[in-house]
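K.L.:
The lines below spell out each chain.
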Amino acid sequence: MPFMGKDWRAPGETWIRVHHTAGWEQIKLRPIQLSSSLDSSSSSASVLDLQSRFKRHSSSASLCSNGDDGTSSSTTGSVTRSDSDESVYEDDDWIPHCFVKTTRSKEFIGCTSMSEAFHRLDIARAVVDVRRFNYICKVVQILVEEKLRNLSATARRHLFAIIQAIVMHSVDQDVHVSTARDLVNRFGTGLEGHVYGSPQIVTRQLDTVSSLLDMISDRQPKPLHDSSEDSVTFLDLPREVIVQVLRKLPDHTSLLEAAKAHEALDALVERESRMWEKLNQFHFTQEQINKHRTESLTGRKLFFQLKKYYGLKEHYADLIHICCHCKALFWKDHGHPCVGTDAPSVRVTPQQFVDMLLFL
Amino acid sequence: MASIIANLPETLKIRTSENEVVEVTGKLINESLVIKELFDKNGDIKSDEITIEVKSKELKNAVKVLELCDLEKPHVSMSGYLDLATLKGANLEALEFLNSIPGDDMAALCNLSFTLELARLSDLCLATIAGFIAGKNVIEIREAFGLKNDYTEEEEAEFRKRHEFDV
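Same order as they appear, the protein sequences are chains A and B. Per the numbering used here, the first sequence starts with residue 1, numbered consecutively. Per the numbering used here, the second sequence starts with residue 361, numbered consecutively.
Hints may be right or wrong, so weigh each one.
Only part of the chain A face toward chain B is listed, based on derived beta-carbon distances under 10 angstroms [as the list claims (entries may be wrong)]:
no., residue
1, Thr-179
2, Ala-180
3, Pro-238
4, Asp-355
5, Leu-358
Below, a list of computed lysine to any residue pairs in the SDA-like style, where the Cα atoms sit at most 25 angstroms apart [unchecked claim]:
no., chain 1, residue 1, chain 2, residue 2
6, B, Lys-508, A, Met-356
7, B, Lys-521, A, Ile-142
8, B, Lys-417, B, Phe-399
Away from chain A, derived, C-beta distances all over 12 angstroms, residues of chain B [to be verified]:
no., residue
9, Phe-399
10, Leu-452
11, Asn-459
12, Ser-482
Hints are computed from structural coordinates only; laboratory data are not their basis. A virtual CB, placed ideally from N, CA and C, is assigned to each residue, including glycine.
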């Protein structure tokens with residue numbers, strides 16, 4: 001029987017026995033799978049701890065591979081891939097990128113397996129990068145809300161590992177807690193009431209969802225209010241400074257939540273029309289604004305009216321692009337190793353990225 | 361090594377309101393419009409010390425944060441919240457330090473940055489404080505800032521009615 005691989009002479013994938021899943025897993029997917037196990041003793045484990053475990057595993061899992069000239073090429077701390085990608089990479093020098101399988105169709109950009117894309121684009125580690133966090137959260141949100149039922153068990157496990165990384169990062173840094181909680185809740189809700197293959201795996205994932213929600217609830221919030229009588233607190237800051245802080249909030253939802261938190265903040269949000277004007281100018285064109293603006297409408301009401309008509313503009317500090325030359329997906333800030341010099345690239349929105357994925 | 365900024369000294373001593381002397385480098389002086397103006401005013405007097413009415417602890421924190429930034433790169437002011445992630449990504453060490461200091465020191469440092477017109481430090485402080493609000497609900501924001509829920513039930517109902525179309 002012929003060997004079922006890309007090249008019958010290829011050694012195939014490299015597998016490792018994993019105790020926490022009582023099975024075998026591919027080494028190339030280890031960084032994501034390391035974060036899959038969540039037990040009570042590691043409830044306060046940080047993502048950095050996961051990364052250090054990944055690095056230790058990578059160094060212990062380095063393999064010798066014979067190159068074309070017959071010399072062995074292995075370095076401590078590097079992982080030699082034994083699959084179709086022949087490049088040897090080290091943790092520090094490897095640029096996350098993923099090639100997309102393309103067709104001749106102009107409408108269809110291409111596709112890649114979800115597990116492969118998540119691994120090659122280093123999504124798990126990108127969670128801790130403040131520039132990519134929002135993009136990854138949006139991708140996860142789309143997958144959880146729209147595609148959960150289409151995912152294979154492996155893909156679902158990888159998705160859940162990313163969600164766990166998001167939760168750990170949020171709890172550790174005390175940021176975007178509501179976002180993390182919302183994602184976990186939606187994932188748990190999505191699992192219920194539908195047959196997703198192995199009931200044991202689903203039960204285990206639902207238990208982990210409960211653990212994650214407990215972790216979020218039990219976290220110690222980082223307070224900004226430990227103060228004596230003489231010290232300056234947030235509300236003691238000049239009004240202009242507080243307004244500047246509110247203007248730096250990333251979305252209107254945070255602005256409204258801040259307004260609900262205290263009447264002083266509510267008064268500022270209500271009266272600062274410039275704040276809403278800036279939001280309008282960012283999300284909508286001047287034509288759209290002029291079309292709907294009336295004298296009776298405040299900046300705030302105008303914003304919500306325009307939002308209903310046109311939706312909000314998506315903007316991310318760092319996002320995935322696809323190279324027009326080599327069809328590689330890569331993070332814009334990191335670039336990618338491309339044969340063509342100065343090849344143009346096109347931004348890939350989270351929805352487009354999800355549409356490219358094969359849920360394997 | 362001579363200071364790369366013209367007319368500014370290699371180091372400058374700042375006497376605070378608590379009569380403590382804090383030494384700062386020319387690059388740090390260049391960050392603050394107020395300190396530069398003060399230095400220019402005292403330019404005729406050959407002294408390497410100026411007096412500013414600020415607290416020592418706040419000034420030392422400011423110096424510490426700025427030392428963690430790459431002052432060679434000119435600072436581009438954050439025009440909106442979308443630059444926040446870019447700013448954070450470029451100044452991770454400074455933000456880590458800002459996140460580690462107590463809340464009242466954080467607020468005082470923010471105040472100082474505006475007083476001395478330290479644009480880079482101001483943006484970092486604003487980004488840090490905004491980070492405590494972003495992605496959180498009302499209860500979490502109140503916990504973070506020690507805010508009490510002073511609303512009565514009627515005020516809550518009126519608030520909900522006023523914002524019922526805000527979706």
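K.L.:
All hints, please: hold or fail.
P.N.:
How the hints compare with the structure:
1. Thr-179: holds (5 angstroms)
2. Ala-180: holds (8 angstroms)
3. Pro-238: holds (7 angstroms)
4. Asp-355: This interface hint is violated because 24 angstroms lies over the 10 angstroms limit.
5. Leu-358: violated (30 angstroms)
6. B/Lys-508 to A/Met-356: violated (47 angstroms)
7. B/Lys-521 to A/Ile-142: Distance of about 31 angstroms is beyond 25 angstroms: violated.
8. B/Lys-417 to B/Phe-399: holds (21 angstroms)
9. Phe-399: holds (25 angstroms)
10. Leu-452: B/Leu-452 not clear of chain A: closest Cβ-Cβ about 8 angstroms, inside 12 angstroms.
11. Asn-459: Given that some Cβ of chain A is not farther than 12 angstroms from that of B/Asn-459, nearest at about 7 angstroms, it is violated.
12. Ser-482: Given that some Cβ of chain A is not farther than 12 angstroms from that of B/Ser-482, nearest at about 8 angstroms, it is violated.
When each numbered hint is compared with the structure, violations occur for hints 4, 5, 6, 7, 10, 11, 12.
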